[in-house]
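Undergrad: Sequence:
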Amino acid sequence: MSETVTSETAIQKNSEQHSRIALKWIIIISRNDPAQKRRLVIRMNQVVLFALLITAINITYVSLTTVRFILVIKGLKEYASMLSMVEVLVYIAGLSIILKNLDSYWNIAAYCIGYGIGVYLGSRIEERLALGYMTAEVIVDSLDETLPKLLRKKGFGVTTWTGEGRDGKRLLMLVLAKRNRQKELLNIVNGSCPSAFIFFQEPKNFRGGFWAGRR
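Residue 273 is where the sequence shown starts when you use this note's numbering, and the numbers rise one by one after that.
The reader is advised that the hints may include incorrect statements.
[Said to hold, decoys possible] Okay, derived cross-link-like pairs now, DSSO-like style, lysine-lysine, Cα gap no bigger than 27 Å in a straight line: (1) K346 with K450; (2) K346 with K372; (3) K450 with K425; (4) K455 with K421; (5) K349 with K425; (6) K421 with K441; (7) K441 with K426; (8) K426 with K455; (9) K372 with K349; (10) K425 with K441; (11) K455 with K425; (12) K346 with K455; (13) K346 with K421; (14) K349 with K441.
[Claimed, not checked] Distance windows between CB atoms, simulated: (15) D416 with M354: 38 to 48 Å; (16) K455 with L324: 32 to 42 Å; (17) K455 with R315: 29 to 39 Å; (18) M354 with Y377: 33 to 43 Å; (19) G429 with N317: 41 to 51 Å.
These are calculated hints, taken from the structure and not from any lab test. The beta-carbon is built from N, C-alpha and C at its ideal position, and this holds for glycine as well.
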């Protein structure tokens, strides 16, 4: 109970302090004193620059954390371990400074903005890196083997079988490839059979088969 009261008192004092600072800035502006205005501009620049610094550090830290978390989920432990060393370096060098200076609304807002941008940016970075493998299931309305042969020629692992759809027989293909070739695979399929149905999955682990000696 006493800790809650102490926390509320600290927040109230902090709020009163910011109100006094804001009032002081208003008075300085109204007095039209060049020297005081210069000091005010310098102080405002310092506040803005520190807020930007907090945003930049938090974007970097949260981006690294997000990428590492995704890599762990995908089973890429080696990459995640290496990235964690950089992550903890940023934490020690920057985040400790941030947490000691969350005493103003500007800094708190900068921290929140940096966190949100960091999560988004980390996800985008992982997508760009495209580490690991993917499987694509392709369903075409023709039993012609031209597309599977073309994919094999391009270096994709392809397994085919026939299935029954609403309007007749279909050719189904299970394609294994590295994630960074997803766009290439889509272009080949769309160029050969624009009406094909295709969806992607990401296998965490696999063994044997066409890729056994190529990993």
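Undergrad: Please write out, lowest number first, the hints stated earlier that are contradicted by the structure.
TA: Hint check: 2, 5, 9, 13, 14, 17 and 19 fail, others pass.
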